[in-house]
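Required output: the full structure, derived from the provided sequences and hints.
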Amino acid sequence: MAEPVATAHALTKRFAGQASPALDGVSISIAPGRMTGLIGPDGAGKTTLIRILAGLIDPDQGTATVFGQPATATDRSMIGYMPQRFGLYEDLSVMENLRLYADLRGLAPSERQASFDRLLDFTDLRRFTTRLAGQLSGGMKQKLGLACAMVRAPRLLLLDEPGVGVDPVSRRELWQMVKDLASDGIGVLWSTAYLDEAEKCDSVTLLSEGKAIYDGPPQTLTDAIKGRVIRIAVPGEGRRVALQHALDNPAIIDGTVQGDALRLMVRADTPVPDAKALGLAPGSVIEPARPRFEDAFIDLLGGGPSGTSDLARHYRVIPDTHRPAIVAEGLTRRFGTFVAADAISFTVPRGQIFGLLGPNGAGKSTTFKMLCGLLTPSTGSGSVAGIDLRRAKADARQALGYMAQKFSLYGDLSVRQNLNFFAGTYGLSGARARDAIEQAIAIFHLERYLGTNAGTMPLGFKQRLALACAVLHQPPVLFLDEPTSGVDPLVRREFWTHINGMVEKGVTVLVTTHFMDEAEYCDRATLIYRARQIATGTPDELKAMAGKADATMEDAFVALIEASDLHRDAA
Amino acid sequence: MTDVFRPRRFAAMLVKESLQIARDPSTFLIAFALPMLLLFLFGYGINLDTARSRIGLVITDHSEAAHSLAGSYQTSKWFDVVTTGAVSQLSRDLVGGRISGIVVIPDGFGRLVAQGGGTIQVLTDGAAPNTANFIAAYAEGVRATWAAARAGDRGTAKPPPIQTDPRYWFDPELKSRYNLVPGSIAVVMTMVGTLLTALVIAREWERGTMEAIMATPLGMAEFIATKVVPYFLLGLGSMTLCAVLAVTVFGVPFRGSPLALIVIASVFLFPALGQGLLISALTKNQFVASQVALLSAFLPTLLLSGFLFEISSMPVPIQAITYLVPSRYLIPQLQTVFIAGDDWGLFVPDMAVLLGFGMAFFALTVRATLRRIA
Amino acid sequence: MIAALLGPRLVAIIVKEFWAVLRDPRARLSLIMPPLIQLLVFGYASTMEVKHVTIGVLDRDGGYWSHEIIQRLAGSPNVQRIVRLDSDADLARAIDSQQVIAALRFDARFSADVSAGRGGVVGAAYDGRKVNAAQIVGGYVDRIVGDVSDTIAVAQPPAPGNSSVTYWFNPNLDYLWFTIPSLVVVISLVSATSVVSQSVAREKELGTFDQLMVSPFRVWEILVGKMVPPVTIGVANATLFLVINPLVFGVPFHGALLLFYPALILFLLSMTGIGMLISVIAQTQQQAFLGMFALTVPVTLLSGYAAPIANMPPFLQVIAQANPAKHFFIVSEGLFLKGMPAADVFANTWPMVVIATVTIGAASALFRSRLE
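Residue numbers (the numbering used here), protein chains in the order written: chain A, 12 to 582; chain B, -10 to 363; chain C, 61 to 432.
Calculated directly from the structure, the hints in this document are not laboratory data. Just so we're clear, the structure is a prediction, and the values are computed from it rather than from any experiment. Accuracy of the hints is not assured; some may be wrong.
Negatives, chain B to chain A, calculated, CB over 10 Å [unchecked claim]:
{"#": "1", "residue": "4"}
{"#": "2", "residue": "129"}
{"#": "3", "residue": "200"}
{"#": "4", "residue": "205"}
{"#": "5", "residue": "221"}
{"#": "6", "residue": "330"}
{"#": "7", "residue": "338"}
{"#": "8", "residue": "353"}
Cβ pair distances, simulated, as ranges [as the list claims (entries may be wrong)]:
{"#": "9", "chain 1": "C", "residue 1": "401", "chain 2": "B", "residue 2": "13", "range": "19 to 27 Å"}
{"#": "10", "chain 1": "C", "residue 1": "78", "chain 2": "A", "residue 2": "441", "range": "17 to 25 Å"}
{"#": "11", "chain 1": "C", "residue 1": "382", "chain 2": "B", "residue 2": "242", "range": "57 to 65 Å"}
Beta carbons: idealized from backbone N, C-alpha and C, even for Gly.
Structure, rendered in structure tokens:
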């Protein structure tokens, strides 16, 4: 194997005021021509490790070496670094950003044109060279960030979570771009919370709470759980209940819904239980499934939560009014000449999960905002629990629980103060408020954070608190805007256990997500692309429409969008 | 490794900074709109010159002398006189702030004047001490002038044995605007220099571009230099605008040379920009930076620089603090170059102190902006 | 009890707004720092008096009368130092370099002229770059020269009349008696507007605004919730001042507190209405802060505190009518020093009611329209 372009040995870094070290004896080696994945949940130490390699932070102990020199004293013009927020000047145009970084990295003027041409073609940004970076979509910003990092062909490329908050199509394109680069002999370090990306790396380092808990090819890890992952078809309505029963079985340590089937992982050294033991209809076919890196990851962390949600157990039963819970009828929103959402229509009956899927900037958020009354539709109408929230009195919003995309609780208020505020917001007082709050604290394990400022908690707990606040008043309808963005798979499993449980009590959920495996939980979903609905149906129907019945949702998503592009180009 | 200075890289950063300035509306707000507002307020709003005051006049004497004196008050250019009613009514007006003082020409005034005396009573509103002083002095002035004129008519006038012959250099018409407007230019330059630059590095931190810049070969001293040059020019620009307005709109004389003014402003911008950059590098957050900048630059310039309040009149500990306020060394230079003329003997020592401040600020900024995130 | 009356929603938002101010370190900073700095600096540094001055003397005379005047000048409590000057060039240099603010010049024949009854003239040069301070020093010089002059004049017939001056409400004409009542205005104003101007902008910047909008709040509940803390904080600051004043500064308060507080609350309501407008327009906390700055500076300078309103050009006097601080300034000075009766307080309070109605109305209209 070739000499590594960068190595780190036994790095330890402790930040002032933090109980545990951000990095604790981590070593990593980045070989040229290979993709090295840096995997781990939020707060595991990924960013700290990358910054040390970029020479931006001094480690307390250990050494970081880049091109044979200490990381802080090496030739920076040979490092391409893309920070989490891309490092773009939003008030400069695409071309101005490129020129700036070309000069900063010392690209010879004679090579500039060739480099710009190559990168603009590569990133498909040629049409937008005069557009300000701030006006690009998330995916385009990311490509531009990458272009700026590579404007002078680097020998080492450090990418800090380039996939966060970006839709599957953009993520795939980005991955392909970087993959091509790596084949030119560049050493790439790609940090991510998406475990499907990790699976495609040549080698991964798995970080958890500052420690490297695995280092090696991803295949080794997935091979270790071979034979323990199973798939069971559950036709009809009962998937959520079936999953709950299965997860309550001690032999099952993890499970998800996959369209009309369940996907389960069996505890190590335990025989696969039969359908009866899992509470499934007799005769259900249990077939082996290909293990994924995510399964291996969860196995490494000790398995997911059990199947029963305490939140759901305490939730009231939402009475059936025999009317749809959410209705969108031709929702259209124009900003000037720009159409952000074009005639979006769907109906969600009581007690179902409905997914809004689509690339960044496609119109999901606009639709979401029109339905919950934050934005007035240009034409069309929407109603939630039978009420048009835009016109109804404030009281009508009582029917809604809302969890925003960005953490949107009061970061400077303590956890308890946030809970008190939201209880009061929804008219809970006295004993009712106290009971609801105590219950939420117990269910979401918030005890040890009660006096802490909500903003300083780890992301997983922030999201738990956000969900707790949204459901304190037990609303019949729940709006969740990317509720699991950036959190680790264990917390995501926990969230879906709660959501599934609440839905069984009659709650209706409208959800947006970039995790396509989560889209599998939806009863139905609609794919919005360029402001229009290009496909609507159950997850399996969507896969069928994409012509890939046995594929993942992500494959279906990409295929449907590509088909739509082809169709438009042809028209 | 920070490699040697490269002109091309430096120019690229300058272009970037200038584009950002041109595209950010808040730059123009701070560099041009706020300065105009301040100049306007100090040029028109704050007028410490004596003006007409409204007073009440009570005459309980019906002699010719009393009416003659009352006439002097009524025709005085300093007073608007209300002659209705008794002291009780006017004192209510005084409480209500409708008049600022009362002059009483008492019973028997005419008789006393005939005997060579004659005392009037002046009641003023002590709640406004400056106005009270002014009314006391001018009410007596009107009376004394009136008495002297009468004495002159009868040939009994005699000048006092010693008189003063006051000359107010540079500002013989005693216009407070002549020192307030140049002084407010100091406030403007502090604000533009410190507030704007306080925002710029903080903005790079806030938007995550600092990290990307640090990972390039650009040296940190070079980085700071690319921040200084455009804002230095912007500071000179807004100073020039203010100076032109001061002369053309507010009628302040300009007796020094433009060159001296530019040198003075340039030297001052050195510590002002340095202070802003230091704040920016330390706070890394635009909101905190703007608060710190206003508290540490604007307020001291307004209150502790000698612009509005005499430094020598302050308690000693506060006087000591004023030595740490850079604009303290700018105000005399500006006032001199505007209404007195070039006086390098006064300028040079102040400039030396300002350069010292500047070097200290920049040294601290470079230290605080070391190429490290944590 | 009160909680039950207001309903859980209103209580929740008021409590939350208070915590938002008290727990955010930045908000705490803007709560504590400005009043503290103003108290110290305005209280002690902002005096229009002129003390500790240095005066130059060019004594060509060296006789009895010049000596007498110089001695009295040196003995004046306002004069710190006398600098002897040797020539006219020296004198010019001393003033040009601002070593002295004023210089007296005695001719060679000064004492002789005075003794002979021919009348002597003292030349006095002042630094016009500090024209206000110079005029005040001019007053000191005139008084001392006049006193010396009077000792000579005793033999002559009595002065032809005089005026007896009484300073009402402030018999010793103590400048602090003017400063403290104005400070109550400025400090309550700054603390209230700095809190309110952040309130909506912070929610927008931190992304909590949408969350607030999808909850069952009515617009008026949000506005009330956001205005209660700043008004309370303004009232608390003013009260703190009323308590500290007799202990530290000893400025009398002759008026009725029952008149002071309603006027104060109306004043703060009208100011928070303007502050709320800024907050609704601003997209970030930084913009809101700059907006607050651009608001409070003119409001303070055009209140009558920095310079009398009567001295301003007529158009500014008209604008000043729309300034709540201008009205409350009169009330505060009046209640502290003059024991202003109710009728006068009302006369200066109703304009604040009008301003409050307009600004709060505008803020709520804008708030509704900005919901998009």
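So which hints don't hold here, by number, going up?
Numbers 1, 3, 4, 9, 11 - these are the hints that the structure violates, sorted from lowest upward.
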